[in-house]
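Asker: All chains should be built: construct the whole structure from the sequences, respecting the hints.
Protein chains in written order, with the numbering used here: chain A, -14 to 257; chain B, -14 to 257; chain C, -14 to 257.
The set of hints was computed from the structure by calculation and includes no laboratory data.
Treat each hint with caution, since some may be false.
Claimed, not checked - Below, computed lysine to any residue pairings styled on SDA-like, alpha-carbon distance capped at 20 Å:
id: 1; chain 1: B; residue 1: LYS234; chain 2: C; residue 2: ALA192
id: 2; chain 1: B; residue 1: LYS234; chain 2: A; residue 2: MET61
id: 3; chain 1: C; residue 1: LYS83; chain 2: C; residue 2: ALA192
id: 4; chain 1: C; residue 1: LYS234; chain 2: A; residue 2: GLN204
id: 5; chain 1: C; residue 1: LYS234; chain 2: B; residue 2: LEU216
id: 6; chain 1: B; residue 1: LYS234; chain 2: C; residue 2: LYS83
id: 7; chain 1: A; residue 1: LYS83; chain 2: A; residue 2: MET61
id: 8; chain 1: C; residue 1: LYS234; chain 2: B; residue 2: MET210
Unchecked claim - Pulled a few chain B residues facing chain C out of the computed Cβ check, cut under 10 Å:
id: 9; residue: SER21
id: 10; residue: ASN212
id: 11; residue: LEU228
Unchecked claim - Covered by chain C, according to a simulated footprint, are these stretches of chain B (three or more residues, beta-carbon under 8 Å):
id: 12; stretch: 8 to 14
id: 13; stretch: 91 to 105
id: 14; stretch: 167 to 178
Beta carbons are placed, not taken as given, at the ideal position from N, Cα and C, and that holds for glycine.
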Amino acid sequence: MDSSFSNILCSLQKSGSFVNTLIAILTICGQQLFSSFTFSCPCQPGNNLYYGSAFLIIPALVLLVIGYALRSQTWMMTKESCCSSSPHLRSVNSLQRKLACLMFFSITGRALVAPLTWLAVTLLTGTYYECAASEYASVEQYSMFNNYSEPERQEILAEFPCFEQISPDMLMVRDEVALQLRYQSQMWGWTLIAVATLVAFLSCCLARCCSPLTSLQHQYWCTHMRNERQLFEEAAEQHSRVLITQRIKELFGFVPGSEDVRHIRIPSCQDW
Amino acid sequence: MDSSFSNILCSLQKSGSFVNTLIAILTICGQQLFSSFTFSCPCQPGNNLYYGSAFLIIPALVLLVIGYALRSQTWMMTKESCCSSSPHLRSVNSLQRKLACLMFFSITGRALVAPLTWLAVTLLTGTYYECAASEYASVEQYSMFNNYSEPERQEILAEFPCFEQISPDMLMVRDEVALQLRYQSQMWGWTLIAVATLVAFLSCCLARCCSPLTSLQHQYWCTHMRNERQLFEEAAEQHSRVLITQRIKELFGFVPGSEDVRHIRIPSCQDW
Amino acid sequence: MDSSFSNILCSLQKSGSFVNTLIAILTICGQQLFSSFTFSCPCQPGNNLYYGSAFLIIPALVLLVIGYALRSQTWMMTKESCCSSSPHLRSVNSLQRKLACLMFFSITGRALVAPLTWLAVTLLTGTYYECAASEYASVEQYSMFNNYSEPERQEILAEFPCFEQISPDMLMVRDEVALQLRYQSQMWGWTLIAVATLVAFLSCCLARCCSPLTSLQHQYWCTHMRNERQLFEEAAEQHSRVLITQRIKELFGFVPGSEDVRHIRIPSCQDW
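Answerer: What follows is the structure, given as structure tokens:
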């Protein structure tokens, strides 16, 4: 059972930084492309929040699910946790439970790279947050808002992210509110980035601490895992070809691909 | 245990200057790209400081953590410091503690290249500092500020980094304050560069002084380390292939890759 | 110990002129790029001097430290001077002290190429000096300065490097002061270049004079040094491979790269 643990660490160590960087860069490019094409704030009180939040959260959720789905370890773990419902096949001891936990956290960590990058980039850009939070901006310091009732004020605020529908005396206020919202958005973005980085680093340290393998053993296991997969695939390929060749010979009387086909037989109905 | 020490010095000497230069150049380019896209000072009293500081410090923090994470020696050390909690496995003497300290400082030094470059470049550019420190600029010498109370003065100063919201009589003051803040920012930048360079040089000298190896010994250890890693990898590869081949022969009845496959066996359910 | 002396002369002769020219050209390009981006004189009395001096001196200091750090001989000397604190290991006679001095001057000479180029280029350009020395320009010959007190005069002089804040009657004076400062700056630059060239030439002559080797001897030593390094490396490589092969055989039970692997052993946990 140590092997699966080592497998996690191997894959974590080897392709970790490269693949994660690639995912992050793709996410950033995708976000820039995507938001420039499709995002246009509705500027209606009550809708702004849902619209902006949907653009913030749903792509992150989709990326999270894709992140889980693309890890082959997810399927391995699903399989194992299902199989373990039949207790006579394998006894789940505490070490295995620990390893399953560790594997789950490892998969989650990898799957979170893309959604967190999405959230960080969108919050640093600030467009979605500006639309979503426009109604809730604090405008107590502006005297011109005292003439309006609460619903009117919300309607005016909701129209701030759209450019053409603002009365001239509101232009300066709108610019200041936009700056303020962008400030909030970027501060959330930075907080997210700082927390995610620290949590990732600390959990990596912790995972490495809990590993029962020394550095050399770990290296050996990585090599061993790679070889095992490779050789098993080769052997399985060869084994199945030999098996099928034998069966075809029984059916048709010759080996497929052989040059001298002398004895062929017509398969009877029972053979099929 | 001398080997790990020598390993540090080897890696420090070999890839040191090249890799560090690359990191520094990438950081500078990234900073220029990044700040031109996302930075827009909120120009509100109380927020400027947080905003500017976040852009100064959090990227540096993230770069520091990434710098630590990308060094494989970090993980080696984490592992070792964890393992040493079991005293019967390895006795930690004073030499090993010294070596661990030295390794920690070596890793930290490398990890600090990117964040210090970020800080130096941003301080020399001055945009972030100008936003962060705008409220705290000294304006005692300007008589026009005597008419304002302290909060009003702070509000006016906070609006200095934004261009369109300044009254005409303040234009000259704003330019002078901007020059003054840029001067402070660049002086901090230069101080940082000078101190970092001197500390790096002196600590390199000190590390070389404290090394128990002469120049020739050091060279031999570098060769030895490289060979050890290389030969161990070869041996581990071969060893694991032999092991797996034996196991596959038990399962399928033949060695993968062999031409004459005469006896194959169908693995039973228990074999899997 | 003569070998290290010869080593200096060899390396000095071989890569000397080419590397130094390259360093100088890179420094000039870097200076032009750098100063066009970041330099803007604060134009405040008291700050100008610090600002201009920081741009003049700190890059030169950083380049000096980098120059020292990139010479492998620096580390060799640091090591040797540290080791000589234990008197029973090696007796330092007067010849060795002379050689250490010579080596130090050789390293310093190489390390000074970049900072001296920086200083010469910046002084010939004159922008930094103009900012730094603007307060201290001699304006006794201009009658209009008699009306001002000393602090007022300094404030006016400090604003000379900035273009837009000058009263019209000062325009001509400012142009003349700028010409005067540029003249001083370029004279300092030329003096520096002349002195550095002469000192470099004389010290090369002197070093060759003091050498106890004739031209043929010197050539022989260069060959000898190269061969010594090369053969030592070969021997170290072979020695360490033999050592490691033995250790791997103990661990895995076979020699890496051998064709007939009959007996392999599974290493126990204690072996790692």
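Asker: Would you mind marking each hint as holding or not holding in the structure?
Answerer: Outcome of the hint check:
1. B:LYS234 to C:ALA192: violated (73 Å)
2. B:LYS234 to A:MET61: violated (25 Å)
3. C:LYS83 to C:ALA192: holds (11 Å)
4. C:LYS234 to A:GLN204: holds (18 Å)
5. C:LYS234 to B:LEU216: At roughly 11 Å apart (the allowed maximum being 20 Å), B:LEU216 and C:LYS234 satisfy the hint.
6. B:LYS234 to C:LYS83: Distance ~72 Å between B:LYS234 and C:LYS83 Cα, so the pair is violated.
7. A:LYS83 to A:MET61: holds (16 Å)
8. C:LYS234 to B:MET210: Since the Cα atoms of C:LYS234 and B:MET210 sit roughly 17 Å apart, the hinted pair holds (cutoff 20 Å).
9. SER21: Cβ of B:SER21 sits 13 Å from chain C, so the hint is violated.
10. ASN212: holds (5 Å)
11. LEU228: Because about 7 Å separates B:LEU228 from the closest Cβ in chain C, which is inside the 10 Å limit, the hint holds.
12. 8 to 14: violated (count 0)
13. 91 to 105: violated (count 0)
14. 167 to 178: holds (count 6)
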